[in-house]
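From just these sequences and the hints, can you work out the full model?
Each chain, written out:
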Amino acid sequence: MSAAREERPQALSRLDRMERLSEAFYRYGLYIVLLALVVLFYALNSNFLSANNAVNLLLQTSSTGIAAAGLVFVMLTGGIDISISAVMFITAVISTVLTDMGLGLIGAIAVSIACGAVIGAVNGFFIAKLKMTPIIVTLAVMYSVRGLAIGFIGVKTLFFTNAVGAYLVKTRILGYIPLIVVILAVVMALCQILLSRTLLGKQMYAIGNNRSGAQKMGIAVEKRIFSAYVLCGALAGLAGLVSGAQVGQVSPAFAVGQEFIIISAAVLGGVSLFGGKGKAFPGAFLGVLIIMCIENGLVMARTNMYAYTIVRGCVIFVAVMLDSFHNKGETR
Amino acid sequence: MKDLRDYDFLKHVKGFASAQSAIVFFIVYLIVAALLVPKFANAENLVNIVVQSSELILLACGMTFVFLNGGIDFSQIAVIALGSVIGAQIMVSGLPPAVGVPLGVLAMLCLGLAVGAVNGLAVTLLKMPSFVATMATQLVFSGAALTITRSKTIPRLPRAFGEIARGSLFGVQYPIIIALAVFAVLAFLLNRTIYGKYITSIGTNHKTAKISGLPVRLTIFSLFLISGLCAAFASIIMTARLRGGVPSLGKDMLMDVVAAVVIGGTSVAGGEGNIHGSLIGAVLVLMLNNSLNLLGVSWYNIMLCKGLLVLIISLLALWQRKRA
Amino acid sequence: MAATNRDVVLKIDGLNKNFDGVRVLRDVGFSLRKGMVLGVVGENGAGKSTLLNVLGGVYQRTSGEIELFGEKYRPREPMDATRAGIAFIHQELNLFTNLTVAENIFVDEGIRGRMFLPPKLLDRKAKTILDALAIDLDPAARVEDLTMGMRQMVEIAKAVSKDAKIIFFDEPTTSLSTSEKETLFKLIRDFAAKGISMIYISHALDDVFMLCDEVLVIRDGETVGGQVRSGAITKDEAINRMVGRKIGQIYPYVEKTVGEVLLDVKGIVRSGVLDGVSIAVRSGEIVGLFGLMGAGRTELARAIYGVDPFDSGRIEFKGRAIADPDPMLWVREKVAFITENRRDEGLLLPKTVVDNISLVNLPHMRKRLAVLDRAGQSAAAAETVSKLRIKTGDANRQIVRNLSGGNQQKVVIGKWLLIRPDLFILDEPTRGVDVGSKFDIYTYINALAASGTGVLFISSEMEELVGVCDRIAVMCGGRIAGELERAQFSSEALLKLALEK
Chain A
1 MSAAREERPQ ALSRLDRMER LSEAFYRYGL YIVLLALVVL FYALNSNFLS ANNAVNLLLQ
61 TSSTGIAAAG LVFVMLTGGI DISISAVMFI TAVISTVLTD MGLGLIGAIA VSIACGAVIG
121 AVNGFFIAKL KMTPIIVTLA VMYSVRGLAI GFIGVKTLFF TNAVGAYLVK TRILGYIPLI
181 VVILAVVMAL CQILLSRTLL GKQMYAIGNN RSGAQKMGIA VEKRIFSAYV LCGALAGLAG
241 LVSGAQVGQV SPAFAVGQEF IIISAAVLGG VSLFGGKGKA FPGAFLGVLI IMCIENGLVM
301 ARTNMYAYTI VRGCVIFVAV MLDSFHNKGE TR
Chain B
1 MKDLRDYDFL KHVKGFASAQ SAIVFFIVYL IVAALLVPKF ANAENLVNIV VQSSELILLA
61 CGMTFVFLNG GIDFSQIAVI ALGSVIGAQI MVSGLPPAVG VPLGVLAMLC LGLAVGAVNG
121 LAVTLLKMPS FVATMATQLV FSGAALTITR SKTIPRLPRA FGEIARGSLF GVQYPIIIAL
181 AVFAVLAFLL NRTIYGKYIT SIGTNHKTAK ISGLPVRLTI FSLFLISGLC AAFASIIMTA
241 RLRGGVPSLG KDMLMDVVAA VVIGGTSVAG GEGNIHGSLI GAVLVLMLNN SLNLLGVSWY
301 NIMLCKGLLV LIISLLALWQ RKRA
Chain C
1 MAATNRDVVL KIDGLNKNFD GVRVLRDVGF SLRKGMVLGV VGENGAGKST LLNVLGGVYQ
61 RTSGEIELFG EKYRPREPMD ATRAGIAFIH QELNLFTNLT VAENIFVDEG IRGRMFLPPK
121 LLDRKAKTIL DALAIDLDPA ARVEDLTMGM RQMVEIAKAV SKDAKIIFFD EPTTSLSTSE
181 KETLFKLIRD FAAKGISMIY ISHALDDVFM LCDEVLVIRD GETVGGQVRS GAITKDEAIN
241 RMVGRKIGQI YPYVEKTVGE VLLDVKGIVR SGVLDGVSIA VRSGEIVGLF GLMGAGRTEL
301 ARAIYGVDPF DSGRIEFKGR AIADPDPMLW VREKVAFITE NRRDEGLLLP KTVVDNISLV
361 NLPHMRKRLA VLDRAGQSAA AAETVSKLRI KTGDANRQIV RNLSGGNQQK VVIGKWLLIR
421 PDLFILDEPT RGVDVGSKFD IYTYINALAA SGTGVLFISS EMEELVGVCD RIAVMCGGRI
481 AGELERAQFS SEALLKLALE K
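So the sequence lines, in the order shown, correspond to chains A, B and C. Numbering of the first sequence is given in the working numbering, commencing with residue 1 and proceeding in unit increments. Numbering of the second sequence is given in the working numbering, commencing with residue 1 and proceeding in unit increments. Numbering of the third sequence is given in the working numbering, commencing with residue 1 and proceeding in unit increments.
These aren't lab readings, by the way, just hints derived from the structure by calculation. Hints are supplied without guarantee of correctness; some may be wrong.
Using C-beta positions, here's what the derived DEER-type ranges look like [what the hints assert, rightly or not]:
#1 A:Gly257 <-> C:Arg112: 26 to 32 Å
#2 A:Leu190 <-> C:Gly477: 47 to 53 Å
#3 C:Lys186 <-> A:Val318: 49 to 55 Å
#4 A:Tyr31 <-> C:Lys186: 40 to 46 Å
#5 A:Gly107 <-> B:Ala34: 15 to 21 Å
#6 A:Ala220 <-> B:Asn293: 25 to 31 Å
#7 A:Gly257 <-> B:Ala34: 34 to 40 Å
#8 B:Leu295 <-> A:Gly107: 33 to 39 Å
#9 C:Gly432 <-> B:Pro215: 40 to 46 Å
We put the CB at the ideal spot given by N, CA and C, even for glycine.
Structure below.
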């Protein structure tokens, strides 16, 4: 639009310039950061760019990426879900147990998704219908679900090494592409189509931008928010299955703290904590990729393992800081 | 000190009386547990509960202040861990205990303030939502604790430091004295001073408070300092109890803290809070843990119970508010 | 009426609307024919918005008949109006800035029979609608990148896409540039030619006369002189009808001694809102600030008090330059400010009367150790309660949320009383306030001025400004259009300045 900005003040204040900077970052910065990281870690270790490592990186991305895609729906509506890690844990437990009893892969996927969706529905009910604070609801649900899951198996480690787990991990489509990466691609594609090409997606963006306006217009706000949490739970469930099969064992500490990584990946990928902005693909996916790049690179550079947490914390902090600058004033 | 006479015990009785629902929960649970749980209602166990609850009281009191502004502080557990590690490092660094112990304790308190300051700046200056800002600092500082120690415990702290957890004055153990002293100061700040009025006014409505000329940013900043400082006190007690610097200390306490505050009647929506309720809530959570333990309920089922409890309590609070 | 019954799309007869027993609309009646533009004019608060909200299903009417396309029409919620083919273009647009033009048009109902809405399809469908209206807009543009005028076009296109037969425009031109206004007018004429009926509410009388077939004047919730052809009445006659004579309210005016300049504001600019505003207030003087919706009155007050930012300009208080205005600083300087938004910015609704009244003066209500002086707090509040005649139960327990509007407003004023302000900026202090409380507020403002306080009194009610002020500045389009001394006061003169473009 040529005439779009005809009434702009001449001088940009310092804050304005800050905003411009973060805007530019959101547009191209992700790619630049990714590129810079790749170059950096390549310099540190020339194995980083090997085909093997690239596939590895994608494999590492998958469970986090699937869950992050789900979180996008919730964050678009201006909410948050920190129960994701617990959902991942319980579905990993359930699918291990059920596949050991003879359930097939399709069945395991269906059960994981259904189980996650049910927990998401609980979150959604409290948050959308009863209008409780998302952070408290999902925190409480996180504890309850993890407690429930440990109660289910007792304090021990399950091994997800049966035929189904092995099939999920080892299958290569066309002889090369891992099945898990295909699942990630399908999830990303479906989520992005849902977001950008359906009424449900459009309305979620609308709600995050101007909730009262959406209400006035007759959009079923509560139902949409509810469905966002259901979708988030369902994908967290799927992520649990994938992650369980990849790790091969499910202990009570399974996926603990994973919600931090997922949230920071989404925010880093341009999904705003203030609602109404962001994409599953490429946004959240790039966010996950960058974080996995960092972690992968740290491993290859033989950094002190305990420092990872520090790096993760810094990444969240910077991502959210940029988000706060970027979306200031547009949050209503 | 004439003004301090205002601050008599009766005021506290009134404060507790206003935490009605927490009191009711507390008494009902106490009776039920005493009747149903064997070995619960003996003096030793009850005293034990109270002593054990001192660090949770500290954390819950600090968290109450952050809740009052509609925020949350995830980084308390990082202050506990990193404080424990740093304090321990200083105490085992070869300094004589007479120097090392006070220095270590001082460092722990400073760390609490420092983490609080980072959180406060992130929220007030950078306008970050408190839950992610504190989530990030939590990761950074817990990570620092792990990195410094390579996840190993620093053992054999000076006996003098251990006294903080074991010693007693007139038969009352130090942790209880510390917790109650901090609680008293904070309750005084919140309920008796103009600063407390700033907090509740700002928590109710930022805009009105700003236009009325209140120091909104400074006050919000201070809430995080208080939360950090409370966590540092908790860290001191917990470290002293173990006489070791433990980098994973306090890891699982967040839910207990939130549960204590929510049971106490403080809403996450901000503006309405009850620090006396948080004190009761903290003891109640400990009682819950203790009684379920005695019943042989496993820790993960206790976890489930606490999660559900928080959901139910905040639901009840919501309904109560709606009816009012 | 000449038109045959078949042509009439909307007919209103004897419409009444009461709020808490107060009649806001009284026997309003008019009819709207196919393809006609009806202009509705009236002062602020004459009842135009209420009329709109009744027709839009936001409020339920108290009594009266509404006939839409020959059938009874009783909207219960906004969606009923949409379904019946009525669309509203409000001054505040209801768009989603993060979505594109096309997405905004289809976001509520999608496209029938389509599960997927690929951008290309949306853009094409939107383009068809926009083209039919001859609106030159890229359907793929994001709304946040559009000017206000363009955004309005989006809203109009959206209304039309819903098959609106009747469109209500509420002050559509306040934030539009001249060329954007032309586009809008052309569109309205096109609509009329296509048989869409419109009701056009505006303060810009010239526009109304030029655009509308017939004009309806509303005053105090009543129609004045019925529905007339726009050629049959002059602008001055319309202004006379809008102003009329009001009875009942007596204003307590007292003589004051005016001292030196307290507040001196020079050339405040905020891009698109304030265009170099200068105004001065002296001690003991009540300066009125009048203007129609969107003239920039509220924005000026907020800029001065440091609530909203401004780009350039100079503020002096008692001869000293105030570099970075900020509420905390103004409170120290004993300058008080009441915003027009009482509930969100003036009160702590869930707190008690005492807590609210003592809010501003909190820093001084201390004993040693910063202990809150509760006795002093209660005493000061009690004094304020009696001075302002606030009707409340025990002020220590009464929650402000449950007070009446008038008493709530008195509490907002009361919280500033304790610092004994040297300058008091009041933005719409009597809006939504009953007559008795209004009188109390005027009396208090007078008493303040008599004791040497300077007052900047912002209002959209001419009557009260004329009754209370020593001098009135009139704003129009972000500038001061003129100032009137007490001898020159008249509603006509004020309105003329405010309407000047």
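Structure-based check of each hint:
no.	hint	in the structure
1	A:Gly257 <-> C:Arg112: 26 to 32 Å	violated (47 Å)
2	A:Leu190 <-> C:Gly477: 47 to 53 Å	holds (51 Å)
3	C:Lys186 <-> A:Val318: 49 to 55 Å	holds (50 Å)
4	A:Tyr31 <-> C:Lys186: 40 to 46 Å	holds (45 Å)
5	A:Gly107 <-> B:Ala34: 15 to 21 Å	violated (48 Å)
6	A:Ala220 <-> B:Asn293: 25 to 31 Å	violated (46 Å)
7	A:Gly257 <-> B:Ala34: 34 to 40 Å	holds (38 Å)
8	B:Leu295 <-> A:Gly107: 33 to 39 Å	holds (37 Å)
9	C:Gly432 <-> B:Pro215: 40 to 46 Å	violated (31 Å)
In the structure shown, a violation is registered for the earlier hints numbered 1, 5, 6 and 9, in ascending order.
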